[in-house]
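S.K.: Residue strings, one per chain:
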Amino acid sequence: MGSGTTRLLDAAEIRRSVTRIAHEILERNRGAGGVALVGIANRGDDLARRLAAEIERIEGAQVPVGALDITFYRDDIGMRAEAPEVHETRIGFDINGRTVVLVDDVLFTGRTIRAAMDALVDFGRPTAIQLAVLVDRGHRELPIRADYVGKNVPTRKDEDVRVLLAEMDGEDAVVLEERATASRPSGGGGGGER
Amino acid sequence: MNRHLLSIHDVSAEDIVRILDTAESFREVGTRVIKKVPALRGRTIVNLFYENSTRTRISFELAAKRLSADVINFTTSGTSVSKGESLKDTALTLQAMGADAIVIRHSSSGSPFTLTRWVKGSVLNAGDGTHEHPTQALLDMYTMRERLGKIEGLRVAIIGDVLHSRVARSLSFGLVKMGAEVTLVGPPTLIPPDAPAWGVQVSYDIDGVLPKLDVCYMLRVQRERQRQQYFPSVREYSRLFGLTNARVGMLPEGSLIMHPGPMNRGVEIDSDVADLPQSVIEHQVTNGIAVRMSLLYLLLGGSGTGEVGADG
Numbered sequence: 002m003g004s005g006t007t008r009l010l011d012a013a014e015i016r017r018s019v020t021r022i023a024h025e026i027l028e029r030n031r032g033a034g035g036v037a038l039v040g041i042a043n044r045g046d047d048l049a050r051r052l053a054a055e056i057e058r059i060e061g062a063q064v065p066v067g068a069l070d071i072t073f074y075r076d077d078i079g080m081r082a083e084a085p086e087v088h089e090t091r092i093g094f095d096i097n098g099r100t101v102v103l104v105d106d107v108l109f110t111g112r113t114i115r116a117a118m119d120a121l122v123d124f125g126r127p128t129a130i131q132l133a134v135l136v137d138r139g140h141r142e143l144p145i146r147a148d149y150v151g152k153n154v155p156t157r158k159d160e161d162v163r164v165l166l167a168e169m170d171g172e173d174a175v176v177l178e179e180r181a182t183a184s185r186p187s188g189g190g191g192g193g194e195r
Numbered sequence: 665m666n667r668h669l670l671s672i673h674d675v676s677a678e679d680i681v682r683i684l685d686t687a688e689s690f691r692e693v694g695t696r697v698i699k700k701v702p703a704l705r706g707r708t709i710v711n712l713f714y715e716n717s718t719r720t721r722i723s724f725e726l727a728a729k730r731l732s733a734d735v736i737n738f739t740t741s742g743t744s745v746s747k748g749e750s751l752k753d754t755a756l757t758l759q760a761m762g763a764d765a766i767v768i769r770h771s772s773s774g775s776p777f778t779l780t781r782w783v784k785g786s787v788l789n790a791g792d793g794t795h796e797h798p799t800q801a802l803l804d805m806y807t808m809r810e811r812l813g814k815i816e817g818l819r820v821a822i823i824g825d826v827l828h829s830r831v832a833r834s835l836s837f838g839l840v841k842m843g844a845e846v847t848l849v850g851p852p853t854l855i856p857p858d859a860p861a862w863g864v865q866v867s868y869d870i871d872g873v874l875p876k877l878d879v880c881y882m883l884r885v886q887r888e889r890q891r892q893q894y895f896p897s898v899r900e901y902s903r904l905f906g907l908t909n910a911r912v913g914m915l916p917e918g919s920l921i922m923h924p925g926p927m928n929r930g931v932e933i934d935s936d937v938a939d940l941p942q943s944v945i946e947h948q949v950t951n952g953i954a955v956r957m958s959l960l961y962l963l964l965g966g967s968g969t970g971e972v973g974a975d976g
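Keeping their order, the protein sequence lines are chains Z and A. Residues are numbered in this note's numbering as their position in the first sequence, beginning at 1, plus a constant of 1. Residues are numbered in this note's numbering as their position in the second sequence, beginning at 1, plus a constant of 664.
Don't read these hints as lab results, they were simulated from the structure. Idealized CB from N, CA, C, for every residue including glycine. Some clues are possibly wrong.
[As the list claims (entries may be wrong)] From the structure, some residues in chain Z lie toward chain A, with a derived Cβ separation under 10 Å:
| id | residue |
| --- | --- |
| 1 | F73 |
| 2 | Y74 |
| 3 | G79 |
| 4 | A84 |
| 5 | H88 |
| 6 | M118 |
| 7 | V122 |
Take these sequences, add in the hints, and give me the full structure.
M.R.: This is the structure:
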């Protein structure tokens with residue numbers, strides 16, 4: 002699949018995007034008080050930790066960070082051959098009365114975010130839920146939009162957007178790939194590669 | 665993974681790791697205020713219990729409910745079975761009602777396998793005769809891994825009425841598959857003659873085994889299955905093979921005491937011993953729900969069509 006690969010963001014651009022989103026979160030919420038970050042597994046939780054580190058650098062305030070796995074809330078369980086793989090959920094703080102910023106790598110159909118909101122409200126009643134994504138690639142199938150976007154990327158549905166992060170992949174990059182076999186049914190997931 | 669869970673032989677070592685890893689996520693769900701996820705919404709799971717069982721049935725029922733599946737409990741007393749209906753007709757009835765999975769406990773070894781011939785859904789063996797009880801073995805392995813960090817290399821003794829114990833069979837097969845060292849201990853009359861072929865050691869001397877253990881797994885003396893006198897008296901059994909107050913000190917520090925329940929306090933295990941901190945019998949029960957959720961999710965969460973995963 003090497004031939005049809007385009008690099009959308011490099012490490013420096015990802016870093017600048019994270020910094021800008023951290024500023025926007027602080028601006029929009031008038032500081033870090035009452036804000037919590039919840040990253041959607043797999044790569045959203047790494048991004049959430051980076052955002053928290055940026056917020057601490059800028060504001061000197063620590064915001065709670067959690068990880069959320071949305072597998073059990075997916076709308077396509079039973080439609081794939083194998084049950085989807087499950088990741089860890091770790092929300093070690095009370096979300097009641099907080100503004101929770103959901104963090105994900107790629108916003109696509111919106112179905113992951115729908116599942117994430119369902120999962121989140123099982124933990125309590127946040128004052129507000131906001132959404133931060135590194136890449137918005139369009140093709141929404143649900144009425145969902147992001148509050149904070151690293152980069153808007155027009156894509157075709159048969160392309161894949163892959164976010165690579167040093168924590169998991171050894172390097173920071175966002176790449177656009179031609180899909181070798183276009184077999185994904187619509188709404189397979191909100192992420193680019195999940 | 666296989667569509668059914670009839671025996672520990674149906675799952676590979678890789679599958680076992682996947683089942684236990686997924687169970688870990690369900691353990692976390694069990695700590696939430698709302699201990700329920702919508703993963704199996706709209707699925708129907710039937711508990712078909714031909715033998716009395718409270719803990720296994722409740723555990724499966726709770727597991728299915730926490731996955732948002734609809735659960736039907738079909739017990740044999742006061743139903744069509746007491747009117748003489750055969751297993752086949754019961755199965756066909758449940759099939760016609762659209763059961764996605766049947767959890768069966770039966771006094772005849774092999775009946776879950778027979779059931780798979782008549783139903784389209786998944787069949788989970790919740791104990792068949794003296795054959796197997798694979799979900800118990802999986803929850804026991806989960807508990808060992810949770811407490812001791814690994815399964816491979818653990819020294820485990822399974823002590824007591826091995827002959828009549830489907831738990832001992834499933835657990836031995838599973839542990840051997842995962843690389844643990846298993847020793848079966850009991851009176852010669854209660855150790856199956858083919859046991860060495862399972863890949864386990866056999867000993868008749870509990871006192872020689874206890875000091876070398878990571879896990880001391882006590883079995884219930886199943887008097888309801890024993891058709892003859894296998895040992896002279898309960899008192900003598902307890903003295904020779906029970907985990908008594910006097911004996912428990914021989915276990916190394918950090919080792920676990922386990923029991924599949926229900927316990928005969930004072931027979932295979934002294935009452936005080938069952939309540940020691942190193943006894944993880946209640947954790948086994950809690951973990952049982954998570955492991956059964958994991959199994960139901962993995963067996964029912966796919967389409968089972970064998971098509972290539974959409975984007976996994």
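S.K.: Now tell me, hint by hint, if it's right for this structure.
M.R.: Consistency of the hints with the structure:
no., hint, verdict
1, F73, "holds (4 Å)"
2, Y74, "holds (6 Å)"
3, G79, "holds (6 Å)"
4, A84, "holds (3 Å)"
5, H88, "holds (7 Å)"
6, M118, "violated (13 Å)"
7, V122, "holds (9 Å)"
In this structure, the one hint that does not hold is number 6.
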